[in-house]
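Peer 1: Next come the chains, spelled out residue by residue.
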Amino acid sequence: MSPIKIVDEKCVGCGLCLKVCPVEAITLIDKKAVIDLDKCTLCGACVSSCKFKAIIITRLSPVVKEDLTKYNGVWVFAEQRDGAIASVVFELLAKARQLAADLNTYVGAALLGGNISSKAKELIFRGADKVYVVDSPDLDHYTAENYAKAIVSLVAKYKPEILLAGATTTGRSLVSRIAVNLYAGLTADCTGLAIDKARRLLIQTRPAFGGNIMAEIISPNFRPQMATVRHKVMPESERDASRRGEIIKEEIDTKVIDKRVKFLDFIKETISTVNLSEADIIVSGGRGLGDEKNFSLIKDLAESLNAAVGSSRACVDAGWIPYSHQVGQTGRTVCPKIYIACGISGQIQHLVGMQSAKTIIAINKDPDAAIFKVANYGIVGDLFTVLPLLTKKIKEIRNG
Amino acid sequence: MNIVVCIKQVPDTNDVKINPETNTLIREGVQSVINPFDMYAIEEGIRLKEKFNGKVTVITMGPPQAIEALREAIALGADEAVLLSDRAFAGSDTWATSLVLSKAIEKIADYDLIICGKQASDGDTAQVGPGIATHIDLPQATYVRRIDTVHLDTTPKVIVVERLLEEGYELLEIELPALITVVKEINEPRLPSLRGKMKAKKAEIIKWSNADLMIEENQLGLNGSPTQVVRIFTPPQKATGKIYQGEPEATVAELIGEIEDLLK
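Heads up: the sequence lines are chains E and X, in that order. Residues 1 to 400 in my numbering are what the first sequence lists, from first letter to last. Residues 401 to 664 in my numbering are what the second sequence lists, from first letter to last.
If you're looking for bench data, these hints aren't it; they were derived computationally from the structure. Heads up, some of the hints might be wrong.
[Unchecked claim] To be clear about the criterion: a stretch of chain E counts as covered by chain X if any three or more of its residues have a C-beta under 8 Å from a C-beta of chain X, and this derived list gives those stretches:
no., region
1, 37–47
2, 91–100
3, 256–264
4, 275–283
5, 328–340
6, 374–388
[Unchecked claim] Computed list of lysine-lysine pairs in DSS-like fashion (alpha-carbon distance at most 27 Å, straight line):
no., chain 1, residue 1, chain 2, residue 2
7, E, 157, E, 39
8, E, 268, E, 255
9, X, 642, E, 373
10, X, 507, X, 599
11, E, 262, X, 451
12, X, 642, E, 337
13, X, 557, X, 642
14, E, 39, X, 601
15, E, 262, X, 557
16, X, 642, E, 395
Where a beta carbon is used, it is the ideal one built from N, C-alpha and C, also for glycine.
Modelling step: build the complete structure from the supplied sequences, incorporating the hints.
Peer 2: Pasting the structure below:
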């Protein structure tokens with residue numbers, strides 16, 4: 001029997017579900033919705049669209065492994081490289097404090113690394129009540145295998161009900177291993193988190209289908225509830241050096257260390273010194289620049305703003321700038337405070353990578369360019385004239 | 401060197417247009433294609449095979465029509481293809497999807513390397529690759545932008561890869577068998593040859609359902625997925641922006657006037 005069903009008595013044939021179905025699995029036959037089960041992915045979009053509650057998805061009652069009420073605490077994975085804690089961790093701690101307040105529980109942070117214990121205090125100053133430190137030479141360099149093992153054993157021992165990580169390259173590859181290991185629900189790249197107090201559930205909001213639709217996701221029967229969170233969407237917690245908390249030291253059993261992956265080296269490599277994912281401001285150039293050398297206009301503007309340099313796919317494909325600068329579907333998803341798109345037409349593949357930026361500024365000579373549809377501010381004009389003027393003005397402002 | 405490449409059929413975003421009035425996607429007539437990132441995974445698999453011999457097996461989990469994606473992969477140079485299709489798989493989140501794929505790979509048994517695209521363009525989770533590695537207990541390297549060296553004559557066999565990070569890349573040495581996910585930078589996918597297309601037409605695609613994988617029902621599809629989508633909604637539309645046209649000096653001044661506070 002199929003888990004999805006149309007209740008014919010309730011279906012009025014309005015067709016709303018047809019419009020929201022992402023896989024075109026629904027058709028109207030004799031004014032009733034009919035679902036093609038070979039196409040349906042059971043995503044649930046139709047269920048929430050139906051005003052007449054005519055579509056029902058039923059699940060088997062889940063295998064509940066253990067008493068879920070034993071789990072409490074909101075944990076954050078304290079990502080760091082060479083002892084520098086990633087700024088997304090401070091964003092997560094601020095969010096964790098709100099969630100923990102709603103749940104009336106504590107905020108925990110899991111800090112892993114080699115010679116890392118001295119950083120635990122910083123996490124307390126930023127909002128953690130308890131910091132679980134696994135300080136071991138075996139964890140000196142991040143590998144997903146060993147970091148996952150360490151966190152899985154922490155979770156088994158302390159049973160947090162929520163575990164958050166940044167949706168970074170590290171966070172995304174790490175927590176998927178943890179979730180599979182623990183049989184826990186994991187939602188990727190969330191832009192919103194809230195608590196359903198009555199059911200003690202984490203409501204995870206994330207963009208779906210390229211960001212034009214948002215999905216709310218829960219993991220009611222599994223713990224911890226896990227999510228990676230998009231960088232720069234949530235504000236950082238304030239640092240308060242008077243905050244007190246508990247530091248709990250744990251060890252990783254050297255016998256379980258996975259030696260199949262060996263870290264050899266890290267090579268730093270970006271044009272500007274500003275990391276694209278961490279940048280508050282990004283200035284991006286597109287095909288409209290016409291030539292590699294004109295990227296200097298982008299770099300000048302970026303420098304005046306202390307911004308990172310981004311790029312559309314066209315410029316990367318043309319070899320004007322390395323791939324690590326590409327914003328968009330096949331590049332990075334970014335969420336800065338200000339995104340300045342210069343000479344970028346705004347194809348959907350680019351938009352999905354940047355449209356959640358708080359303020360979007362577009363400069364393009366074509367008034368009909370799609371980028372203006374998502375822009376908060378725009379200048380229709382020749383970027384070769386506009387950019388130098390803009391850079392000059394900003395320098396004047398910034399220099400007082 | 402035997403390679404398994406995991407692929408997904410997704411809506412072609414080149415076809416997707418935005419309805420300017422409602423700001424929603426127009427999906428009518430959208431073609432299905434191989435997830436763009438998986439094209440790099442297929443290409444890398446074929447290149448490794450060409451260099452070190454062996455075979456490339458592509459697998460996908462999806463509805464019956466996903467067979468088209470497998471044929472395309474064969475046209476590009478893959479040797480074998482497995483379609484994992486069963487109504488019981490529908491509704492799988494990344495946990496359950498990676499379980500199905502991992503069981504199929506274990507059934508294939510003879511492999512040195514599993515390659516996935518870094519993420520699928522429709523789900524954007526990047527969770528399935530590491531999920532498969534964990535289900536099988538394999539080492540992984542995500543966001544690989546280059547395979548530097550391959551040592552097949554050592555025990556164990558190892559590869560050295562460059563893993564792309566936010567601020568650069570790291571070099572990792574990994575024992576095989578292993579799973580890697582790849583980014584666009586790794587190669588430039590070829591186009592299918594005429595001979596490949598002919599071969600793809602006639603190729604026999606292996607089809608497995610859960611009768612072949614024997615996964616417990618409560619770990620499959622909707623029932624085996626820890627996450628549940630409870631609501632889908634269209635985000636509030638952004639107010640129309642202020643767009644300035646005219647003399648460059650004037651437009652820049654107007655823009656600066658608006659954003660001056662943001663820049664401080």
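Peer 1: If a hint holds in the structure, say so; if it does not, say that too.
Peer 2: Hints versus structure:
1. 37–47: Per the Cβ count (9), the hint holds.
2. 91–100: Check failed, 0 qualifying residues.
3. 256–264: holds (count 6)
4. 275–283: holds (count 4)
5. 328–340: Held - the region 328–340 of chain E has 6 residues with a Cβ nearer than 8 Å to chain X, which meets the minimum of three.
6. 374–388: That given contact holds, which follows from 11 residues of the region 374–388 of chain E lying within Cβ reach (below 8 Å) of chain X.
7. E:157 / E:39: Answer violated: residue 157 (chain E) to residue 39 (chain E) is near 42 Å, above 27 Å.
8. E:268 / E:255: Not OK: residue 268 (chain E) and residue 255 (chain E) at ~32 Å, beyond 27 Å, violated.
9. X:642 / E:373: Measuring from Cα to Cα gives roughly 10 Å; hence the hint holds.
10. X:507 / X:599: holds (25 Å)
11. E:262 / X:451: holds (24 Å)
12. X:642 / E:337: holds (17 Å)
13. X:557 / X:642: violated (59 Å)
14. E:39 / X:601: holds (23 Å)
15. E:262 / X:557: holds (13 Å)
16. X:642 / E:395: The hint holds at about 23 Å.
Checked against the numbered hints given earlier, this structure breaks hints 2, 7, 8 and 13; the rest are met.
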